[in-house]
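> One-letter residues, chain by chain:
Protein chains: 2
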Amino acid sequence: MLTNTDMASSRKVIELFYDVISPYSWLGFEVMCRYRNVWNIDLKLRPAFLGGIMQGSGNKPPGLVPNKFLYMTTDLHRLAQYFQVPISPPADPFEAMFEKGSLSAMRFVAAVQEREVGGDKQVEQVSRELWMRIWSQDKDITQPASLSEAAMKAGLSASEVEELLKLSTSKEIKDKLKRSTQEALDHRAFGFPLAVCHVNGKAEVFFGSDRFELIAHCIGEKWMGPQPAAAKL
Amino acid sequence: MLTNTDMASSRKVIELFYDVISPYSWLGFEVMCRYRNVWNIDLKLRPAFLGGIMQGSGNKPPGLVPNKFLYMTTDLHRLAQYFQVPISPPADPFEAMFEKGSLSAMRFVAAVQEREVGGDKQVEQVSRELWMRIWSQDKDITQPASLSEAAMKAGLSASEVEELLKLSTSKEIKDKLKRSTQEALDHRAFGFPLAVCHVNGKAEVFFGSDRFELIAHCIGEKWMGPQPAAAKL
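Order-wise, the sequence lines are chains A and B.
So for the first sequence, full-length UniProt numbering puts the first residue at 1; every next one is plus one.
So for the second sequence, full-length UniProt numbering puts the first residue at 1; every next one is plus one.
For the record, the hints were derived by calculation from the structure and aren't laboratory data.
It cannot be assumed that every hint is accurate.
A few chain A positions that, by computed beta-carbon distances, are all more than 12 angstroms from chain B [claimed, not checked]: (1) Ser10; (2) Arg34; (3) Ile41; (4) Ser104; (5) Glu163; (6) Leu165; (7) Thr169.
What the simulated footprint calls covered on chain A by chain B, stretch by stretch (three residues with Cβ under 8 angstroms from a Cβ of chain B suffice, anywhere in the stretch; the number is not a length) [as the list claims (entries may be wrong)]: (8) 63-75; (9) 187-201.
Positions of the beta carbon are idealized from the N, C-alpha and C atoms, including for glycine.
This is chain A alone, in the form it adopts within the complex (with noise of 0.2 angstroms):
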């Protein structure tokens, strides 16, 4: 939810979001992270359950169509080494995916972001640790020792991490997830990641991790590739 304040910055506010489930949205959130400092932009980072995604949007997996399950085994490799993310796929991919699932996951995250205050860099960082179980080392995410690992990772506290634990299963967190999820559904999403680019009062949604050229387009800024830094070098 934007508040008053969000509004009335100078800086124009993008939502992001996101399932760690997905690589794609790795990608994108990567991207989005870079250019949080280059861009005139406030980032907010935005949790979201893509299984309710799916399920509220009746759209299938790509994957489960054979060319575009080889193609994107093929894409992602690629875009994996041109944006510079360590994106290695699990040797199921299906079974981590689909059998498995990301919702434990999804709301231990929404909890950091419930217990956080000033900023989202425990968001982001366990957000990022997580992707690189599920999508770099082929590790679970559904364990709550998995769970932790990922957040002692991030830089939390065993004390913290156990308080998030037990955080994660309550009701309050599973209908904050539940409502980002919904935000992203109103916003009509029918997949991760949502970026969300709030324009003079105008919310201009984009679907996917190919589209930041006209993002950039549209908020009047520059896209300088996936590596910003290293450009302006």
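Since the structure of chain A is already known, use the hints to place chain B on it.
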């Protein structure tokens, strides 16, 4: 099919598979036509039949998911403006795309290509005129009179058009269109546009009109946005 001469050239060969039924193909087509004189490439236009790709790959048109259809409408409008391609969807896109289709139109384009010697300017111009009809002016592309009008606008004479209309229903041309569609399927197509870049003896396949920056990187050229001529001024 690539000849030995193509392979021996220092210029990199890019094959572009497309169907005029597809508005994203139009975007890809115009951008590649603009870059054929900017990048050190040989662009090979490969008219093919998207209906055959959908059937052969088991893919479903994306527009059948309501949220995706709504998104594509907005996305196409924004891209059309940014790419400077005059896309304006037909009043009844489902009738135009799924009931009327493009089989006779793509056979006609295949016939134009079969007869054209020394280049593919006619193929380019006739394809563009067909896109103008269906994806800009909400006009028919199934009737002989429609194909004739498009071809005349593209600069062909009345007698040439008459011969091409006849040729377009021949077994020779039907087989030619089937072959190019099958070649796209052999490259694991599940939709159009499909750009097949031949780099160091390897075919790198890119789907969609949102991988130009990656294509440029792949062939060692520079991406300057969708209007390279404007960018160079």
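> It remains to establish, for every hint, whether it holds in the given structure.
Hint check:
The claim that A:Ser10 is not at the interface with chain B holds, since no C-beta of that chain comes within 12 angstroms of its own (minimum 24 angstroms). Every Cβ of chain B is farther than 12 angstroms from the Cβ of A:Arg34; the closest lies at roughly 15 angstroms, confirming the non-interface assignment. Distance check on A:Ile41: its Cβ is at least 18 angstroms (rounded) from any Cβ of chain B, clearing the 12 angstroms threshold; non-interface status holds. With 12 angstroms as the threshold on Cβ separation, the claim that A:Ser104 sits away from chain B holds: the shortest Cβ distance comes to roughly 26 angstroms.
With a cut of 12 angstroms on Cβ distances, A:Glu163 stays outside the contact zone with chain B, its closest approach being about 37 angstroms. At roughly 34 angstroms, the least C-beta separation between A:Leu165 and chain B is larger than 12 angstroms, which holds for a residue marked as non-interface. Every CB of chain B is more than 12 angstroms from the CB of A:Thr169 (nearest about 30 angstroms), matching its label as outside the interface. Counting residues of the segment 63-75 of chain A whose C-beta lies closer than 8 angstroms to any C-beta of chain B gives 8; at least three are required, and the coverage claim holds.
Beta-carbon proximity to chain B at under 8 angstroms applies to 3 residues in the segment 187-201 of chain A; the threshold of 3 is reached and the given coverage holds.
Of the numbered hints stated above, none is contradicted by the structure.
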